[in-house]
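Which chain is which? The protein sequence lines are U and V, in order.
First residue of the first sequence: 1, per the working numbering; consecutive thereafter.
First residue of the second sequence: 1, per the working numbering; consecutive thereafter.
Note that these hints are calculated values from the structure, not bench results.
Built from N, CA and C at the ideal position, the CB exists for glycine as well.
Errors might be hidden in some of the hints.
Said to hold, decoys possible - Which chain U residues face chain V? A few, computed with CB under 8 Å, are given here:
#: 1; residue: Glu91
#: 2; residue: Ile92
#: 3; residue: Lys158
#: 4; residue: Asp166
#: 5; residue: Leu173
#: 6; residue: Leu217
#: 7; residue: Thr219
#: 8; residue: Arg220
#: 9; residue: Met225
#: 10; residue: Met227
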Amino acid sequence: MSDVLSWLAEPLRYAFMVRGLLAALIVGIVCPVLGAYVVLRGMAFFGDALAHIILPGVVIAFLLGWPLGVGALITGVLAALGIGALSQRKEIKEDTAMGVIFAGAFALGIALLSTQRSYAVDLSHILFGNLLGVSAGDLWLMGGLAVLVVALVFAFYKEFLVLSFDPVLAVTLRLPVTFLRNLLLVLIAVVIVASLQAVGVALVLAMLVTPAASAYLLTRRLPSMMMFGAALGAVGAVVGLYLSYYGNVASGPAIVLTETLVFVLVLLFGPRRGLLWRRSAEAA
Amino acid sequence: MAELFSRPAAHDPAAPPLQVDGVSLTYDGVAALRDISFNIPAGTRVAVVGPNGAGKSTLFKILVGVLRPTRGEVRIYGASPGGHVCIAYVPQRSQVDWTFPVSVADVVMMGRIRTLGLFRWPKPGDWRQVDEALRRVGMLELRRRQIGELSGGQQQRVFLAQALAQNAELVLLDEPLSGLDVPSQEAIFSILDDLKASGVTTLVATHDLNLAAERFDQILLLNRRLVALGPPASVFTPTLLMEAYGGHMHLVPEGEGVMILTDTCCDGEEAAHE
Chain U
1 MSDVLSWLAE
11 PLRYAFMVRG
21 LLAALIVGIV
31 CPVLGAYVVL
41 RGMAFFGDAL
51 AHIILPGVVI
61 AFLLGWPLGV
71 GALITGVLAA
81 LGIGALSQRK
91 EIKEDTAMGV
101 IFAGAFALGI
111 ALLSTQRSYA
121 VDLSHILFGN
131 LLGVSAGDLW
141 LMGGLAVLVV
151 ALVFAFYKEF
161 LVLSFDPVLA
171 VTLRLPVTFL
181 RNLLLVLIAV
191 VIVASLQAVG
201 VALVLAMLVT
211 PAASAYLLTR
221 RLPSMMMFGA
231 ALGAVGAVVG
241 LYLSYYGNVA
251 SGPAIVLTET
261 LVFVLVLLFG
271 PRRGLLWRRS
281 AEAA
Chain V
1 MAELFSRPAA
11 HDPAAPPLQV
21 DGVSLTYDGV
31 AALRDISFNI
41 PAGTRVAVVG
51 PNGAGKSTLF
61 KILVGVLRPT
71 RGEVRIYGAS
81 PGGHVCIAYV
91 PQRSQVDWTF
101 PVSVADVVMM
111 GRIRTLGLFR
121 WPKPGDWRQV
131 DEALRRVGML
141 ELRRRQIGEL
151 SGGQQQRVFL
161 AQALAQNAEL
171 VLLDEPLSGL
181 DVPSQEAIFS
191 ILDDLKASGV
201 TTLVATHDLN
211 LAAERFDQIL
221 LLNRRLVALG
231 PPASVFTPTL
241 LMEAYGGHMH
251 LVPEGEGVMI
261 LTDTCCDGEE
271 AAHE
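One chain only, chain V, in its complex shape (with noise of 0.2 Å):
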């Protein structure tokens, strides 16, 4: 209850996004996770990457402050996540009940609704905000619908302006991409540039490894530990991708480069770890 009344951890703007240290997260005695540790820049766009179970949405999950680690430490704004609002996590569409009786508007204002605090109600600077946030997603005419009634595309969208509303400088979106359309994607691709130049930080899972190498700043290499953290280039190499993949991957050359094949796909298998 007295969390209802305190107000949100200071926030250090000197120090990075997200600073994880030693994280370590252990089910029944076996390591979904091992000794992770990395900083992330603010304002970069960062795809997780790694084969089925490798962990990203518990690392998420972690990262948001639903799951404890076993052993480390997340840091956001040099705070720990317990005392942060300025996170958003944009769920798999899956773990989603689109048949919930809410509208695309109301489910935008749940970002606002720690700062509007308890026992009150929207006002229409509140709305105002919302608004605004469906504007910069395209989907302000679409506001009054409830959300069982939009496509997989427009439905993400609702949910990064439900990030935007909520003023978050952390912004994680889980398989976002899976099973849109090349339009869809790429309006949730301006979404992320809009996000981008406004200096938010934004975290990807993904299992297209294409899409990986070729719109994001970094790469997060994941396979129950850190594989490896850089830019597209000096991640996406035949040793590190095999570490990663291992079987789960074959490595054709092809002229100059080298063609990737995986086996990996959808959503869903890692969830059920909770």
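Here chain U stands alone, though its shape is the one from the complex (with noise of 0.2 Å):
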């Protein structure tokens, strides 16, 4: 039993680890509450886009010595509702659209950061995050970040909820279907730049859609699969660090792999949805 407890004690004698903890619980939690939205409404695509798009801004601040969170925020924010525009309009399809801008947004990104010289540790920093960099203030940043992201989807429940399932009815009861809209576009690149540090650009889209995914299998009400996913995302985040500590892998990617390990299995053994109970409910 101490064996255990000491096992489990000794990564966190690092006050580095223990910051990095919190922060992976933080991401860990709040991006499958809104990765509910992002699953249900089909937004995989544009959830990958937008942490692809924001690189640009991010190496900006960090070329100009402003706090890289500012510049996440400011591209995220302007790129999502630049996109909520796009999507209104008809000339060219919804998902080309971001597939041009978001390539050539995260070229620029890269072609700024390549006349640095530290280059390659900077570039895998932001591509994959550094879960064990995270200081105080970045925690302080994450934190605030993700309160107000679960404030404002707790306020907005049963607009985002009518959005995403029935649109039209959304336009019948006169709800500010634009303002809505772009508001949820806005909270996903804010849980994207929350979500930077721990895990980087590459990879930020696992946080919102693999947990809340997993849930939507075991589910079938969208509270329970908000809270599920959110529980799932804590797990992923705890057990995949310590995978990274003792392991001696990189954090972000333990994450994501613990969980899509997660999502693997319940899609294969979950009690609803799983593909193994369906198999013996149609033989039987």
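Put the complex together from the two separate chains, hints included.
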């Protein structure tokens, strides 16, 4: 017993590990709450694109010596609103437009960064996160953004639900559809920014989508999907971080791999929509 | 944002529930609807019929305010659709994501969220109204089911309960009867009777000319333009039907009457417009 406890306590002797664990928990819990809407509305590609579009903002802030979070937040919100406006036009298909902008912005970010001498290290931190480098200031920023996002998801719960389930009903009920849609996009941008330090631009999507997708398979109402997703996200964060510590694996990928494993298990063995369950129900 | 705080538009009970004046809609230079005008008095049950691509779904979307007409005007109890929450639209079943994690009661509660207002959560009184709406459509026992676990007729009734919970006075139903067996259709009609008895006006898009002739007060015959509006006997004449359906219809003289064969069916095609 004491072996297990000391095994668990060992990494926490380091302050940077404690900060890393707190950061991973914040991200792991908040992402699936909003991720529920990303999964239900089929916005995974939007989330991925947005994360990559943020890169030049982060790099410019880095070059100017500003806090990275500020650069990311400004670019993220502008990009979310820009994509929102673009998707209402008909000249070009939405995913094509997003793809063009996403790749272009990403290239710009990398090009700017490549002018720096510390290019390789910086790039890997931005792409894959640097959980163990989280400062107290970063933690406060992440915590603040997390509280903001959860509060707004809670405040607009029924409006977001109707908008996602039945957009025509949202119009017939005279809800401010454009405002709500843009608010949701901006919240996704905010969550992505809060998660960048933990898992980086390239893996943020997993935090948003994977635990929420597992929860989708396990639940039948949205509030339980959000809560289950948050619980699975927290488990993934903790397990992933310990795996990273003892297995000497990068922390962001370790968390994402844990969440992916959970998803595969749920997909196979889940009691409701699980594949094996369904197979045996069909056979019966 | 301001819309959330403004009151819904004034409701003039003396005005007809639905007044359509010269409505046209053009997509990329092609007229989907041309110069449509009509009035529907309160408590009337209207069947909207016409061949595929006649613009039935498009007309409904204009009436509820999802699409804006290129020309013309829609008035609901005297005001434009933009101000009203008394219209309910029951979508085609193929338009709904039935895997969405919501229960039957959740979907019905959605009809009440505008009345509830921003930052307010449903109170016991609201849930009682939801239960009452579910009881009226005979779905109270299934209130906890996830919506994908229902039969087609039950799914249709959930949305009717939503319209009831919304206290809608004008209900539009897009192909609610197609794909349902006779008992399920009868269950829908008994709810429509209930709505009519409480003065609610209903417009029902359907392909079933038999049901339209037997069970509706008025027939709105549509083919991009308004071909006819009136009681079934005056609308279902060979001349008007040929005008609306053209080559998609065969009229077979049979004793005293005429047997009508149409080759239109199935939902989905018109939805492709959007």
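Tested hints:
no.: 1; hint: Glu91; result: 13 Å, violated
no.: 2; hint: Ile92; result: 16 Å, violated
no.: 3; hint: Lys158; result: 5 Å, holds
no.: 4; hint: Asp166; result: 7 Å, holds
no.: 5; hint: Leu173; result: 4 Å, holds
no.: 6; hint: Leu217; result: 10 Å, violated
no.: 7; hint: Thr219; result: 6 Å, holds
no.: 8; hint: Arg220; result: 4 Å, holds
no.: 9; hint: Met225; result: 5 Å, holds
no.: 10; hint: Met227; result: 12 Å, violated
In summary, the numbered hints that this structure violates are 1, 2, 6, 10.
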